[in-house]
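There are 2 protein chains.
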Amino acid sequence: MKLTHIEHIGIAVKNLDESIRFYEDVLGLACYAVEEVKDQKVKTAFFKLGDTKIELLESTDPGGPIGKFIEKKGEGVHHLAFAVDGIEKALVTLQEKGIQLVDQQPRKGAEGLDIAFLHPKSTGGVLTELCEDKNKS
Amino acid sequence: MKLTHIEHIGIAVKNLDESIRFYEDVLGLACYAVEEVKDQKVKTAFFKLGDTKIELLESTDPGGPIGKFIEKKGEGVHHLAFAVDGIEKALVTLQEKGIQLVDQQPRKGAEGLDIAFLHPKSTGGVLTELCEDKNKS
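Taken in order, these protein sequences are the chains called A and B.
Residue numbering for the first sequence follows this note's numbering, starting at 1 and increasing by one per position.
Residue numbering for the second sequence follows this note's numbering, starting at 1 and increasing by one per position.
Since the hints were derived computationally from the structure, they do not count as laboratory data.
A portion of the hints provided could be inaccurate.
Which copy is meant is left open, because identical chains are indistinguishable; a pair holds if it fits in one copy or across any two.
Stated by the list, open to error - Capping the alpha-carbon separation at 25 Å, the derived lysine to any residue pairs in SDA-like fashion look like this:
| id | residue 1 | residue 2 |
| --- | --- | --- |
| 1 | Lys2 | Gln100 |
| 2 | Lys97 | Gly28 |
| 3 | Lys53 | Cys31 |
| 4 | Lys48 | Ile20 |
| 5 | Lys136 | Pro120 |
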């Protein structure tokens, strides 16, 4: 499996506008997109720094994954996403190695990427995502 | 303040050897250093991916910061570290903006970097570190 870089870091926040202000006014980054991902029950905001994006995630529903995460653990880093060449083959390899997958097949995520999540039980507690941007290749 | 890239992602793990195996055997990354940081009561392992390092942190003392983090939140991402040009000036700017600092002045961290932590109360729940590698500049 060939990981190329950390595609993004997903951060669960209570209030997207307040958090955008922190990353813009304090850290000096520029929010370049805000996008609602309805099936994940989140509103997201994106920043870019070097190779890696920061994706802030505000829940639009307390019963959604980010709402539940914040209730259990508070605000903080929710997942790490690695860019991979050949996501379908990578998922097969991971299954052969006994890694539990949340997504058996890639699905479309934010920004049109092909994405799949691995289960945190198999990854030392870190919810881990693989991404491939097929528009680039 | 000029952030240049995400220097590293610190991940709290229960068992360093098991986690190293996951990042090496499953994700295909290479551990290039293991280092004990006695004053932080941790043993660390480093991986590099693009611009960014992954720093696994195993507590050497249940009363240390990583031991307490795992007791409260479980294994997972513990902190994000941003590379900055001019760490002293950045800390002054942050204080002027009302950000609570853990370290008023930079101190030496792993790999000889100058580092300082910002308090998660001021950063939306994410323990945030600034780093500068003065050997490079």
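Outcome of the hint check:
| no. | hint | result |
| --- | --- | --- |
| 1 | Lys2 - Gln100 | within (19 Å within a copy, 39 Å between copies) |
| 2 | Lys97 - Gly28 | between (41 Å within a copy, 12 Å between copies) |
| 3 | Lys53 - Cys31 | both (10 Å within a copy, 24 Å between copies) |
| 4 | Lys48 - Ile20 | within (13 Å within a copy, 28 Å between copies) |
| 5 | Lys136 - Pro120 | neither (28 Å within a copy, 36 Å between copies) |
Of the hints listed earlier, the one the structure fails to meet is number 5.
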